[in-house]
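Protein chains in written order, with the UniProt record's numbering: chain G, 1 to 436; chain Z, 1 to 436.
Keep in mind the hints are simulated off the structure, nothing from the lab.
Just so we're clear, the structure is a prediction, and the values are computed from it rather than from any experiment.
Incorrect hints may appear among the rest.
Which copy is meant is left open, because identical chains are indistinguishable; a pair holds if it fits in one copy or across any two.
Straight line, CA to CA, 30 Å or less: simulated DSSO-like cross-link-like pairs of lysine-lysine [claimed, not checked]:
#1 K201 - K306
#2 K290 - K201
#3 K201 - K401
#4 K201 - K386
#5 K401 - K386
Protein chains: 2
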Amino acid sequence: MGGSWAPDVSPTSDFSLENLPFGIVTTPDDTSLHAAVAIGSSILDLKVLAAHPGTGLASLFPSLAGHEDVFAQPTLNAFAQLGRAVHREVRSGLRDLLAADTSRPEVLRDSPELREKAILSQRSVRMHLPMAIGDYTDFYAGYHHAFAVGTMFRGAQNALQPSYTHLPVGYHGRASSIVVSGTPIRRPNGQILLDPTAEPKQPITGPSRKLDFELELGCFIARPNKAGEAVGVDEADDQIFGYVLLNDWSARDIQAWEYVPLGPFNSKNFGTTISPWVVLADALEPFRTKPIENLAELQGYLREAKHASVFDIRLEVDLTTPEGDTTTIARTSAKNLLWSFPQMIAHHTLGGCPLRTGDLLGSGTISGPGGLSECGSLLEMTQNGKKEVLLYGMDARTFLKDGDAITLRGVCGEDGARVGFGDCGGRVFSASTTKR
Amino acid sequence: MGGSWAPDVSPTSDFSLENLPFGIVTTPDDTSLHAAVAIGSSILDLKVLAAHPGTGLASLFPSLAGHEDVFAQPTLNAFAQLGRAVHREVRSGLRDLLAADTSRPEVLRDSPELREKAILSQRSVRMHLPMAIGDYTDFYAGYHHAFAVGTMFRGAQNALQPSYTHLPVGYHGRASSIVVSGTPIRRPNGQILLDPTAEPKQPITGPSRKLDFELELGCFIARPNKAGEAVGVDEADDQIFGYVLLNDWSARDIQAWEYVPLGPFNSKNFGTTISPWVVLADALEPFRTKPIENLAELQGYLREAKHASVFDIRLEVDLTTPEGDTTTIARTSAKNLLWSFPQMIAHHTLGGCPLRTGDLLGSGTISGPGGLSECGSLLEMTQNGKKEVLLYGMDARTFLKDGDAITLRGVCGEDGARVGFGDCGGRVFSASTTKR
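The shape of chain G in the complex, shown without the other chains (with noise of 0.2 Å):
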């Protein structure tokens, strides 16, 4: 397999050939959202690709026949709509495209003109939301993240709820606060019971003294469903455009007085940050494998055909000090879920929801079974505050500090061929003092 003419394509960059993801930049020509595609440390504009006179997008991709604005939108939700078919076509027409041994070098590698206006530095664009997200649904299904934090506070006997493992637990989020990584993240105001075993419980107000964040996998859905149909297990694959990191920041402590009896709300509500370039389903196919066993007995309609049905997407978080040092603090992998996105997504639609175009789905946060370096919370990682994570030089956290980053990464494959999704980063800035 050869590599892409195109400019500075590292054998350690994340935006190899075989990924192509999809995203909404803005560019120096260009202030209106538009589509693109990453390779490399480039991108290639598909707005600019789609207007040129030499090319016109049907002619490269007859599947978008009667669709040449698509790239001209500001999501990508008319592109996800088009369904996997197209996704899968058009990726592979770009792939041929971009590729060293293009079957169409006139297109655009010898064609300087285009090239020129078509292929930017990843640098001088500024990258938006890929989507617009009707609703937002965060998922529970990172089975050793659910039983450490159910231990924690119910311990081991009761970890789980006794619906665990008979259904991948969800809850509805916010979608207004979803934002793009860069983003910066307001540390919350909220109700705060500082101390649980006095009577009579009286909070108080204020900023969260819990910041958390939450390593989590993101899919975007690209088909809808009719209200009161349901989508079976294996059909559901179809309904995937593809997917993002996702950071679900969280204030524990807020959480924990609100949460009883339906849900966390403002623990939750205040950001929750997505990496800005969709990987399409098809770019992860090649790096299936089994998720966590479930010994439960399952219904039917959770019952997957496939048995490879989650990612091994290597995974990592960055904590960046302030001072601007930066400490790796975890490590795992995409599978360590006990839930799939098509049985989320037949979970989901199973009393007739209806998911729509741009609606996303988080996974929940996901640790591994190792241990403290595998934890994809800080809530795991310091036992609720009680231990401190030590980072480089000489600094520790229990939770978030004021100025503190998290990054979040996630790669796929060997160097030369790798399947990743870039940086989900924010930084935490000082709680509003507006008087309370």
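Based on these hints, arrange chain Z on the given structure of chain G.
For chain Z alone, kept in the frame of chain G given last:
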């Protein structure tokens, strides 16, 4: 106070001249979605009014200058975003145009050509969702409901969680599942634990056997707040566009098995019905009253300067059997809330969560203090299925049967000057039988 010259404005109509709620319609002559107001048994088509050569929106309503297409759009979001001062001016101007003693008779009352095109029977138009709803949040502010349900499951001593009187408990709902009055509701399939005492706990999958309604008031957001910035409780009224009735259909058996620890999910996301006409915030101002007294020491951000912050709306619930017999099974008032919508907004935004124009807040189920005939759900009325509700014609229910319809109604004020919501109705049909 005089009445309206519009035809058929009965003294018992919800849509007196004192109301003028806004909605989205399609008409025999115009099948694109656009705005209207209700007056008696008619509508005034605002798109027709705006497009008429003799009128011109900005000459009628100076604050709409530059927004002449605001009523030709498929949702009320653009109008809502203009803010309460504009809503007030437009409503007041429309009131004048429609009054028997209008100061501008030439515009509409004495212009037979425009009247014929712009005043249509409600029977001739179709109603649609009034807003594009980005996020839907459902609160739990109905104190008597929360107490009754808590008592049922945990006893009176532990009926309410310790946080209940300190913060308006809420959870994120599913925006994609909201439908307009009249839309049929499919009974959901779901996981159900038939015998909670048997070990090991093994659920089955099938149609809900405990399908219920919830009587709620819904509130639409007009003005967005910036991410990271809280809305003060005394400024929150200015963020509100208006109100609708809301039926948060609920599957109690699915809910019982799934909701610990992250809250309700499939038990709620198969359908939520709202009434089609948005009663503007100003129209409800005369009906303010005090909420239920809260004995807790409130956090500063929840303390309201205004003590009359809920509305005395007379609420009723009708159950219509498949045979067509209708029984009013509950009567109560919307004043039975522990928390006002301004308090809900202040709490929702405390940590910086952005509310956007068109976002919907539900009050939570509203029940009165007076026993079974004031219950806003069958769960309370039947003690979770233990007692039957007697219906007209020797019939009875514990939960809803296929073919049953639920209609919510709400009205303030006296005959001739009623401010009401119209019907919020939906009929249940049978669950999907797709293989599971």
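Results of checking the hints against the structure:
1. K201 - K306: For K201 and K306, the Cα distance is within 30 Å only across copies (27 Å; inside one copy 50 Å).
2. K290 - K201: Cα proximity of K290 and K201: across copies only (26 Å, versus 46 Å in one copy).
3. K201 - K401: Answer is within; shortest intra-copy Cα gap is 27 Å, inter-copy 43 Å.
4. K201 - K386: Within one copy only: 23 Å inside, 34 Å across.
5. K401 - K386: within (16 Å within a copy, 53 Å between copies)
Going through the hint list in order, the structure satisfies each hint without exception.
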